[in-house]
Amino acid sequence: MGSSIDQAISQWTEHAMSSACRYDGCTVGDTGRCALEQDPLVCSYRVTETSDNGLESPSTPEVHQFRSDDFGASVLDAPVAVPTFPPSTTLGPKNIAEMMASRYVTIVGILGDPNSGKTAALASLYLLISNDRLDGYTFADSHTLMGFEDIARGARHWNEGNPPEEMTSHTEMADERRPGFLHLRLRRDRDGRCVELALPDLPGEWTKELVRTSNSDRLQFLASADVIWIVVDGRTLNDKVQRQGVITRLGQLVKRLPQLMAGAAIPRLLLVVTHHDEGEVLPDTIKRVHAEMYKHGVEIDVIPIASFSDNQAIKAGFGLQNLISATVDRAVPSQSSWPSVTPKLNGRNFLAYRRDR
Amino acid sequence: MTRRSVILLGGPDSGKTNYVGRLWPALDGGEGRLIAAVQPNDIGFVLDTADHLFQGQFAPRSEHTEARRDFEVVVRACDSDSQATIVIPDISGELWKKAVDDSELESDWMDELKRADGALIFVRINSDQNIRPLDWVTSKRLLGRIGGDLKKGTPTQVMLCELIRFLELSLKKRPDGGTPRLSVVVSAWDLVDQESFEKGPEAFIAREYPLLGGRLKDTFLDVKIFGLSVVGGDLSVDESYREAFLEKGLDGHGWVASYDTTNHLWHKDSDVTLPVAWVVGI
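Just so you know, the protein sequences line up as chains A and B, in that order.
For the first sequence, counting from 1, position 230 maps to 230 in the numbering used here; every step adds exactly one.
If you count the second sequence from 1, you need to add 357 to reach the numbering used here.
The set of hints was computed from the structure by calculation and includes no laboratory data.
Given the structure is predicted, the values throughout are model-derived calculations rather than measurements.
A couple of the hints might just be wrong.
Pair by pair, the computed Cβ-Cβ distance ranges are [unchecked claim]:
no., chain 1, residue 1, chain 2, residue 2, range
1, A, Ala97, B, Arg472, 27 to 35 Å
2, A, Asp239, B, Lys556, 45 to 53 Å
3, B, Glu525, A, Ala97, 19 to 27 Å
4, A, Asp329, B, Asp459, 55 to 63 Å
C-beta: ideal position from N, C-alpha, C; glycine also.
Next up, chain A with everything else stripped away, as it sits in the complex (with noise of 0.2 Å):
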């Protein structure tokens, strides 16, 4: 084995050697037979080819350092690894947990179908931040602003048709865009409070087979959101043909949620109508779905946005704020102090006061 191979490589250095010698007469390209009878590799007269200027002595590294130790080698050097930052794209679910274990982090679920425009409503929302035009709310910081930026760009998409199945689980490289949270500090200018947002980023065909298979183990996150954002297209609920469909859908989607909520309570439910510069909603179809809501023992707030906008009449980004507002705001029904009540005979309303609240 070893004597081919040596064979091999007299061979290939033979072939890589021009026929040309400096010394009159010999004839080593042609014979392979040196005239000085010295080994032609070493001989001073022996010349070989460069690519590009000329003739060169044979004894050039590149043919006397090659061994046969060299097979199995390698062919390229080990690339230099270049220290890295943290890329701030994507968070994963353990990301939020860890944040989460030094501050208050509002979870946000985000369902939809795709082309419900939920990608849009981030995008538009970050738009509004980085051009300061988020009334009520300025910047603090993001640790996923690549990830929004990129967004914002359209720079990554999901593979059509086949997009991933889980959750990324750790903060991952900017080449793909996987599923998982975006994170948003915003500042609240009437108390300069902050607020602290994760945001999932997630294809909508999870919500499509949560809803048709109840395939729900990729979502088991939405446990622990504060709010729910469901995304609606609001073109499809002013279209009479698709309308009874989406909203049949919708009340199949708030069905699903009790099995994704471990036993806990759902948590608010925000219905997000976009496309609001296409046309509002009329108050009939609202109606319609809060009925098919009711149906499933549940409450939404339906909140219309337009994140893009070509009407001169509704600017880009409508209604976000009103969607921030409504996602921190606590929404605690306010209780009269000291109600005005029609006093009950030996009623003793003092004392009874907390016991009938």
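Could you slot chain B onto chain A? The hints should help.
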């Protein structure tokens, strides 16, 4: 005596190199908060840069410079004997831009960043290298994959926020145990009108770079903001100023806008060493 590395960050054309070129004459002049204690062995780089200013022009952008150029000088405070060796590596804006785009930084720069306990971050007014944030029209085109300028690159404010994140991850505590310091320097501050000057560079940042403005209020780094004019005027367009500058020389030209906490006003200070002096803190 401790070796203190001070990092200069900023995108291309943000004013870093011109500042380094102006800093050496200021340290050497001995009239600022920081004074050069001894003449450094190697001042070739700063002299080359200062030469441009001496000739009445700004130094060209340095992003195509391949060799690493450091300015190392022993400085002392004007009012005490405490000294420190400061090393100011001149890192091209392109390198920082690449670091943000790829989250990668060559190992010797990464090491330098980890050795440092303070930094200056530069942003320049009216730079043609400034990249505005995305707007809805462009984003819609990009999202709909119907064209749009994808090559335009990461907006300046996003890049600066990412650089602050890198500093938070890398900078070490100061020798006295304090948090690392960051001077934010808005260069070409002589170009703003009186009203903007009075509102200060902080208000300018909040208006022009809202993400950066918010981020600076939400970092554990100790931040101070300055306006900077390396020669006190615009040598590239204001010919009469340039003539006067060439007549009188560099001394006395250039100033820093700093915030006076006693009267709550922004004022010009002829000491251009202030942004570095504050970071070094001796």
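**OP:** List, from low to high, the hint numbers that the structure doesn't satisfy.
**Re:** As far as the earlier hints go, only 4 is violated by this structure.
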